[in-house]
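S.K.: Sequence:
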Amino acid sequence: MNIVKNANEALLGLPYHLNFNVIKRFVNVCSKISTDNSKCDSSEKNFSLDVLIKYMTHELAEIRTAVYCSIAMLVASRLSVEETVKTTDKLKKKPTIAANFDDTQFVCNIRVMTELCVNGINDLATKVSDYSRLILLHLLQSKLLVTNEYWHNLMTIIAILLPQLQCYGNKIDPLGQCILALTSDTERENESLLTLNQRLQASLRYLFSKDKDVRKTGYRQCVGYLLSNTRIRLDDFYKFYPADKLFDLFITAQPTNNAEILTKEYVNVENFLRVYTIFTDRNKIEANVRKSALEQMSMMLNDPSLHSSFLNHGGLERILEELKLNLTRDDIVCS
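Per my numbering, the sequence shown starts with residue 5, numbered consecutively.
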């Protein structure tokens with residue numbers, strides 16, 4: 005723990021002397037603290053993670069690069085095929101397991117993984133982004149190199165971060181292919197740690213991707229899930245609903261011009277205020293007529309140009325007031 009404390013204190017002077025040896029030693033200590041054999045308690049483990057996050061989010065790109073590089077090299081060395089030939093007690097349970105895979109447990113933390121997926125990959129420093137991709141790639145390819153418990157914990161975190169990870173799914177680079185494979189409809193239900201709903205939702209998200217090939221993959225995955233418990237053959241289905249024609253199901257043919265929508269007036273303001281007056285007059289107008297006026301207002305307010313008039317005349321307050329009254333009255337207007 006002395007190295008962790010020293011690393012925390014070294015943050016003050018590190019931007020000036022840029023001696024990155026402390027970072028390498030600190031990352032190695034984090035790998036040992038996170039293992040099941042570690043004698044450190046939860047508070048010490050949390051403190052080491054706090055310091056690690058400080059390094060990963062440091063404002064200086066050189067320091068972030070050094071941290072991500074140290075983590076990437078450690079993960080790549082521990083989760084490699086060469087590690088499987090080393091003789092340990094763990095290999096007796098699973099012959100393909102990497103000897104020191106548990107040194108990477110500190111990375112399988114929701115805070116560290118979030119930092120990798122959200123900020124690391126999108127970092128303006130190219131090397132930080134590349135190291136983040138390398139770390140994620142080794143983790144996603146480590147199923148045969150780690151224990152079932154380790155893989156289960158990793159997939160639990162991946163399930164939380166899946167919407168963010170899907171932004172990098174593609175058919176070009178290895179990481180993108182691994183991300184697409186997470187929601188594959190060909191994997192058996194008992195082999196995947198992601199639920200059917202999680203995988204179906206992920207496949208639907210792919211239908212909104214900018215990448216045409218990703219949208220096609222998402223369409224095929226959705227069809228596979230929806231037809232999994234039916235007698236319909238996929239080949240017969242694709243004859244009538246081919247992926248090449250329907251993968252753009254949620255993509256508009258032409259981009260929407262928001263400026264045109266915001267400036268175009270669909271309803272005259274005076275006509276809208278007349279309807280609004282009918283709605284607000286409780287004394288002279290019957291409830292059914294006021295209800296009809298409210299329905300007309302809801303349609304008119306699809307025009308953004310009427311929003312300012314509605315708010316300036318206290319429309320939002322009157323709606324809230326009407327809702328409160330309807331909670332204690334029988335002649336409900338807004339039902």
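Calculated directly from the structure, the hints in this document are not laboratory data. Watch out, some of these pointers could steer you wrong.
Here are the simulated lysine-lysine pairs, DSS-like style, with alpha carbons at most 25 Å apart [to be verified]:
hint	residue 1	residue 2
1	K249	K214
2	K295	K243
3	K28	K58
4	K249	K216
5	K288	K328
6	K43	K58
7	K249	K220
8	K9	K36
9	K49	K28
10	K9	K43
11	K214	K175
12	K243	K216
13	K9	K28
14	K328	K295
15	K243	K288
16	K36	K49
17	K43	K28
18	K175	K216
19	K216	K288
20	K175	K58
21	K28	K131
If you anchor each label on the Cβ, the simulated ranges turn out as follows [stated by the list, open to error]:
hint	residue 1	residue 2	range
22	D239	K28	17 to 23 Å
23	T281	N201	35 to 41 Å
24	V293	R115	55 to 61 Å
25	D252	E48	37 to 43 Å
26	E48	L231	28 to 34 Å
In this text the structure is predicted, and so the values were computed from the model without any measurement. Just so it is clear, CB atoms sit at the ideal spot from N, CA and C, and this is done for glycine as well.
S.K.: If a hint holds in the structure, say so; if it doesn't, say that too.
M.R.: Results of checking the hints against the structure:
1. Proximity of K249 to K214 is assessed by CA-CA distance (about 16 Å); at most 25 Å being required, the pair is judged to hold.
2. Straight-line distance between C-alpha atoms of K295 and K243 comes to about 49 Å, which puts the hinted pair past the 25 Å bound.
3. A threshold of 25 Å between alpha carbons decides the hint, and for K28 with K58 the separation of about 15 Å falls inside it, so the pair holds.
4. Of the pairs offered as hints, the one joining K249 and K216 holds, with about 11 Å between alpha carbons and a cut-off of 25 Å not exceeded.
5. With a C-alpha separation of about 20 Å, the suggested pair K288 and K328 falls inside the 25 Å cut-off, and the hint holds.
6. Among the hinted pairs, K43 with K58 is consistent with the structure: their alpha-carbon atoms are about 24 Å apart, no more than 25 Å.
7. Between K249 and K220 the CA atoms are separated by roughly 9 Å; this keeps the pair inside 25 Å, and the hint holds.
8. For the proposed pair K9 and K36, the alpha carbon gap of about 15 Å is at most 25 Å, so the pair holds.
9. With a CA separation close to 18 Å, the supplied pair K49 and K28 stays within the 25 Å bound.
10. Of the pairs offered as hints, the one joining K9 and K43 holds, with about 17 Å between alpha carbons and a cut-off of 25 Å not exceeded.
11. About 13 Å separates the Cα atoms of K214 and K175, which keeps this hinted pair within 25 Å; it holds.
12. Taken as a hint, the K243 and K216 pair is honoured in the structure, with Cα atoms around 20 Å apart against an allowance of 25 Å.
13. Annotation: proposed proximity of K9 to K28 holds, straight-line Cα distance about 14 Å (limit 25 Å).
14. Straight-line distance between C-alpha atoms of K328 and K295 comes to about 15 Å, which keeps the hinted pair within the 25 Å bound.
15. About 62 Å separates the Cα atoms of K243 and K288, which puts this hinted pair outside 25 Å; it is violated.
16. Distance check on the hinted pair: K36 and K49 sit about 10 Å apart at the alpha-carbon level, within 25 Å; holds.
17. As the CA atoms of K43 and K28 are separated by approximately 21 Å, the hinted pair is consistent with the 25 Å bound.
18. Simply put, K175 and K216 have alpha-carbon atoms about 10 Å apart, close enough for the 25 Å limit, and the pair holds.
19. At roughly 59 Å between alpha-carbon atoms, K216 and K288 are farther apart than 25 Å, so this suggested pair is violated.
20. For the given pair, K175 sits about 34 Å from K58 by alpha-carbon distance, which is inconsistent with the 25 Å threshold.
21. Among the hinted pairs, K28 with K131 is consistent with the structure: their alpha-carbon atoms are about 17 Å apart, no more than 25 Å.
22. At roughly 55 Å, the beta-carbon separation of D239 and K28 lies outside the given 17 to 23 Å, and the hint is violated.
23. The beta-carbon spacing between T281 and N201, approximately 48 Å, falls outside the hinted interval of 35 to 41 Å.
24. A hinted range of 55 to 61 Å for the beta carbons of V293 and R115 is consistent with their spacing of about 57 Å.
25. Look at D252 against E48: about 53 Å separates their beta carbons, and that is not inside 37 to 43 Å.
26. As the Cβ distance of E48 to L231 is approximately 51 Å, the hint placing it in 28 to 34 Å is violated.
When the structure is compared with the earlier hints, violations turn up for hints 2, 15, 19, 20, 22, 23, 25, 26 and for no others.
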